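4 protein chains.
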Amino acid sequence: MRTEQITLNGDRHVTLTAYLLGTGGEFFGIDRRPAMLVIPGGGYHFCSDREADPVALPYLAAGYHAFILRYSLNEQAAWPNPLDDYDAAMDLILKHADDWRVDADRIAVVGFSAGGHLAACAATMARHRPSAAILGYPVIDGACVNDYLPGAPDAAEAVDDRTCPCFVFATRTDNLVPVENSLHMVNALCAHDIAFESHIYGYGGHGLTTGITAINYPGYSARYANWVKDSIAWLEDVLGGLSVRGETPPAFGPRLNGNRDETLNIDCTIACLKKSPEAVRAIAELVPQKDVFKDAPSAAGHVIRLSDSLRYAGVPDETLNALNERLQTIPNDRRTDK
Amino acid sequence: MRTEQITLNGDRHVTLTAYLLGTGGEFFGIDRRPAMLVIPGGGYHFCSDREADPVALPYLAAGYHAFILRYSLNEQAAWPNPLDDYDAAMDLILKHADDWRVDADRIAVVGFSAGGHLAACAATMARHRPSAAILGYPVIDGACVNDYLPGAPDAAEAVDDRTCPCFVFATRTDNLVPVENSLHMVNALCAHDIAFESHIYGYGGHGLTTGITAINYPGYSARYANWVKDSIAWLEDVLGGLSVRGETPPAFGPRLNGNRDETLNIDCTIACLKKSPEAVRAIAELVPQKDVFKDAPSAAGHVIRLSDSLRYAGVPDETLNALNERLQTIPNDRRTDK
Amino acid sequence: MRTEQITLNGDRHVTLTAYLLGTGGEFFGIDRRPAMLVIPGGGYHFCSDREADPVALPYLAAGYHAFILRYSLNEQAAWPNPLDDYDAAMDLILKHADDWRVDADRIAVVGFSAGGHLAACAATMARHRPSAAILGYPVIDGACVNDYLPGAPDAAEAVDDRTCPCFVFATRTDNLVPVENSLHMVNALCAHDIAFESHIYGYGGHGLTTGITAINYPGYSARYANWVKDSIAWLEDVLGGLSVRGETPPAFGPRLNGNRDETLNIDCTIACLKKSPEAVRAIAELVPQKDVFKDAPSAAGHVIRLSDSLRYAGVPDETLNALNERLQTIPNDRRTDK
Amino acid sequence: MRTEQITLNGDRHVTLTAYLLGTGGEFFGIDRRPAMLVIPGGGYHFCSDREADPVALPYLAAGYHAFILRYSLNEQAAWPNPLDDYDAAMDLILKHADDWRVDADRIAVVGFSAGGHLAACAATMARHRPSAAILGYPVIDGACVNDYLPGAPDAAEAVDDRTCPCFVFATRTDNLVPVENSLHMVNALCAHDIAFESHIYGYGGHGLTTGITAINYPGYSARYANWVKDSIAWLEDVLGGLSVRGETPPAFGPRLNGNRDETLNIDCTIACLKKSPEAVRAIAELVPQKDVFKDAPSAAGHVIRLSDSLRYAGVPDETLNALNERLQTIPNDRRTDK
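Chains as they are written, first to last, in the numbering used here: chain B, 1 to 338; chain L, 1 to 338; chain U, 1 to 338; chain C, 1 to 338.
Chain B with its partners taken away, still in its complex shape (with noise of 0.2 angstroms):
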């Protein structure tokens, strides 16, 4: 492993700190490997030492190369000075790519407090964004970050289409950010259909970091510790994984259903679908022996998927192909109830 120290910014005592894994040799179709920014806590006023290695290490010892962004503090710290760090970081990642072995595409972050409101922010409103974020007890709503920086945006507001996959976790009786904040992060997450994965832990105060008890007081929930493989395994369902033959792609895709799609399809729910005259016609006729509008309960109907109420219905796959290449040629005017 090989570790390089680099200033990002020295008026601003932005710093990298980067731990390089090798590839290629006996490491066998291992090319490249995906990498994993870490951005630790500490309200904008420290960079907390808890939220840094112990973070890194458990992502490394999974395969990612991992950096650790020391962002600007205090009076440093005035919006949009962290942010520009963090897009600092990533141009350096970048342009370092080849070098490294680092696989471009598949750069996550992880924050923490503080830190998870720069992740989160990153995640929504960066030049660069992450190709997913993991939030930890993270400062997220406006009431909230005023505390710690004020005039730094709500995450939570900035939430948008192009928002990455984003992991939320949290104890409920957090005593210093309050757990809300990771709930109005994610019901803005959903609200997007942007994919989440969500744990908020019964029992435990706020900076927990990895969850090891070599470096926290006791007095929480002992499956808190969990989110940190959680973590690892959501992250490969969402970007793929490493494997001796190379990456492997991801298990899932992004969107619940099609019902943001740049045309209409066969996964877009029946009730987005009953919108468009067009649809309901075309269903009408290539699939006259289902009535999919008559059987489909109001809020239910919301979700339903057309293919998965055909598929259940038997209606063979030829058929399905045929009404979505039928579909995909209705413009979607992006209707975004689901």
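Warning: the hint list may mix true and false statements.
As the list claims (entries may be wrong) - Computed list of lysine-lysine pairs in DSS-like fashion (alpha-carbon distance at most 30 angstroms, straight line):
1. U/K229 with C/K229
2. U/K229 with B/K229
3. L/K229 with C/K229
4. L/K229 with B/K229
As the list claims (entries may be wrong) - Away from chain B, derived, C-beta distances all over 10 angstroms, residues of chain L:
5. T7
6. A78
7. D84
8. M125
9. D160
10. P178
11. R245
12. K294
For the record, the hints were derived by calculation from the structure and aren't laboratory data. From a predicted model like this one, the values you see are computed outputs, not experimental measurements. Beta carbons: idealized from backbone N, C-alpha and C, even for Gly.
Given the coordinates of chain B, work out where chains L, U and C should sit on it, guided by the hints.
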């Protein structure tokens, strides 16, 4: 293990299946056992076998007696019939508590989908509230409820101060009952400071029950199955455990802070205490060395407890105790803002 | 789940308890289920309740039918009465296999302490050998067996070529049945190339059953409890799994190499093939480019399979197949040295 | 994390890589850390990168400093050169213990294959014995050792009373280093009452290192990867843990019983005490109510400790203490039969 099959309501085909474990004898120290009441889903149209025995079994393996409630369906399900069925089951269990060696103070429910709706209603409005509720991909929202059982209530709106601790889990890509149902429940629990834990897994369709591959089509995040053991660990956090020396107390209390207690106290948040001039005076008098109100930023101040702030500042325990006694003489007019 | 309580032998108080899960219907694809026969311990003086239901339950939760055998004890236990009880239980299960939807090819046993002795005897000398055996802190050695049931056999000495795959676990600090018993069984399995898995946990006394804290005094390694889920995963390796599309095949074969097959083949070790001049000629003829006998060091040569050596050297599959066909014409006079 | 690359022996290309974690500061209570010395395998012909960084990382994540030893190979490896390299590494680590904040009493080794041979030799014959050794699919037996490094010793034969606790793991179907090597080591540890834990997984070839799929071809039991976290938990059992309040003591002692202590005591087995007429008299005198020698069956009597037997019989603690003091006046002529 003894099995009993009891008809609770012949006209409505309501039954309770009891699986009763041994107590005493070689099970030294286990004089009574906690119980889990399983409420399968099925859209109030059927009671799914996949959410009956397979769910009861891991709780039995963990030392719980288990009961399965098959409640009123279809035309017999007019609300509140299913809730009455639940209460009838509880009446019976409580009546037989001595017989069956059930610890009446530790009866939890677990429900799925429509059964999750019924379990959530039990948690929020039953005659016999359970001690804890586990809600699996539940139907919660009024509109969604209306698709399955018109006239039945929105369970999130019913959350009150007496609602029992809840463990809520779902998959984000549930393609039948939208994950928003679970999020709404979690948001409501959070707003009322009811103890909760929540796991929203990234991928998976509806009705995955315990997540064992034997009863599910492939295509969901492997960690989904963790909810089973996590819920068992959470129950021990909330209700306490079983040991050869008898039952052990819960590891954690239900409330995040003292803001909802009868009187003020040192576990109230600083933001809460600030509203009471009498409390402000008491603090200034007993802890002159620390101006807690000055240091607390506005939003974060909403959740920082006085006790945390003073302990962090090194105030000795005797002072804390004296201050607590003084604060407890001040009635809390139930300000519930955190 | 149906429960049946059957008397196998009234005079000797031998009973079989059957816990039978549902099949078909909502359990799509599950037409039959594998079964686990639980044999509790108790020094042939009693059948421990702690090793009965608590053990059956996790296998039920994993989708196995479960049976509990309470066998002949004390003066009724004169060998081979307990083994006859086991065979009577198997007779009954096999007779009811259609009825109870048991997959007759996947009936495993799990036994503890003296019950582990009986399970090991079932694996090595019963009329109806099980498909797999799980042996928990078993009594194995003649001297130790003699303390509990004089006249009963040493199970390790009985290991033969037909012995089923075995999963053996114990704690090193067992203060009643020495861990040497487990090691002797493992050594015997290894010597006969019988598939096995073995976990000896660092700390813990005798009789810890499933390792849940509810039924054990504290003072043992927490990972002890892993044997339960590990044994379930191992059974799937060995016997295959259950899925909604029916049973799946085992992931792995029983033998380490081809040395005990009827004829020679490319999965024999190089050391084994070297003893057959005919095999040596065939290899030289078909793979002239690689002198496998020259490169193989003496001891390691004992376990390297010809197939591994040739694949590593880049020999193409067609050549391997041709060589295999040729080797299979040579009878293997059952040299069993590896 | 600081990295240092140190040449231990330039002529023989022996190096030590040090990965040093932070102590003090935000790592409250962690003044020193335990260390893990990683010894990669490679048949004494190379040092595998797959068994270097990927192994160091999970121990770093658990809070250990990590070191990687690249030792003498090929013509430079004539025994005892590799063992001398190990001792040179330990010399250096101990010399820098204050500097590097290493707890000199908690330095463990982990070695694989040929590196497992070297680690086992360290455990049994080095100048600086480690505090614990983890042996992964080790080469142990003389004949097998001879294939890789003629003249190097059989490590199992070297097990003595001072051998450190060992954690031994392998796969049964290792097709390069036969699993018998691991079993022989375990048998030897058991015979000398050295603390051990052992996991033999059912399926998998040689050289699986940490078991992450990124660096292994498919085709092994998924639970293989558990050895990593299990070894970390076992180290905590054996060496004690790390906490924010400093290091915690080991949970368990090294010996099964008192049979190898300097004097007799109540933790000696009944079989051991029976050989001392003086002990027999002392027991009869102080505990007249219980004839421990009569009740103990011959073989099981070999392992039952007097303390267990008397506690089970309800003998009060004061009596036990008095008896212990009396027995401790009797020298133990090191009868080592259990």
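Under the criterion that the straight-line Cα-Cα distance not exceed 30 angstroms, is the pair U/K229, B/K229 satisfied? Holds, because 18 angstroms separates the two Cα atoms, which is no more than 30 angstroms.
Least C-beta distance between L/R245 and chain B, which was stated to exceed 10 angstroms: Since the minimum Cβ distance to chain B is about 21 angstroms, L/R245 lies beyond 10 angstroms and the statement holds.
Is the claim that L/A78 lies outside the interface with chain B correct, judged by CB distances over 10 angstroms? holds (17 angstroms)
Can we confirm that no CB of chain B comes within 10 angstroms of the CB of L/T7? holds (31 angstroms)
Nearest-CB test (10 angstroms) between chain B and L/K294: holds (14 angstroms)
Quick one: work out the minimum CB distance from L/M125 to chain B and report holds if it exceeds 10 angstroms, violated otherwise. With a cut-off of 10 angstroms, L/M125 remains clear of chain B, as the shortest Cβ separation is near 21 angstroms.
Proposed proximity, C/K229 with L/K229 (alpha carbon, max 30 angstroms): holds (18 angstroms)
30 angstroms limit on alpha-carbon distance, applied to hinted pair L/K229 and B/K229: holds (16 angstroms)
Do the alpha carbons of U/K229 and C/K229 lie within 30 angstroms of each other, as the hint requires? Distance ~16 angstroms between U/K229 and C/K229 Cα, so the pair holds.
Checking the smallest CB distance to chain B, is L/P178 really beyond 10 angstroms? The claim breaks: L/P178 does not keep its Cβ more than 10 angstroms from every Cβ of chain B (closest is about 5 angstroms).
No chain B beta carbon within 10 angstroms of L/D160's: Non-interface label on L/D160 holds, nearest chain B Cβ at 18 angstroms vs cutoff 10 angstroms.
Grab the minimum beta-carbon distance between L/D84 and chain B and tell me whether it stays above 10 angstroms. The claim holds: L/D84 sits with its nearest Cβ about 24 angstroms from chain B, beyond 10 angstroms.
In summary, the structure is inconsistent with hint 10 from the numbered list given earlier, while agreeing with all the others.
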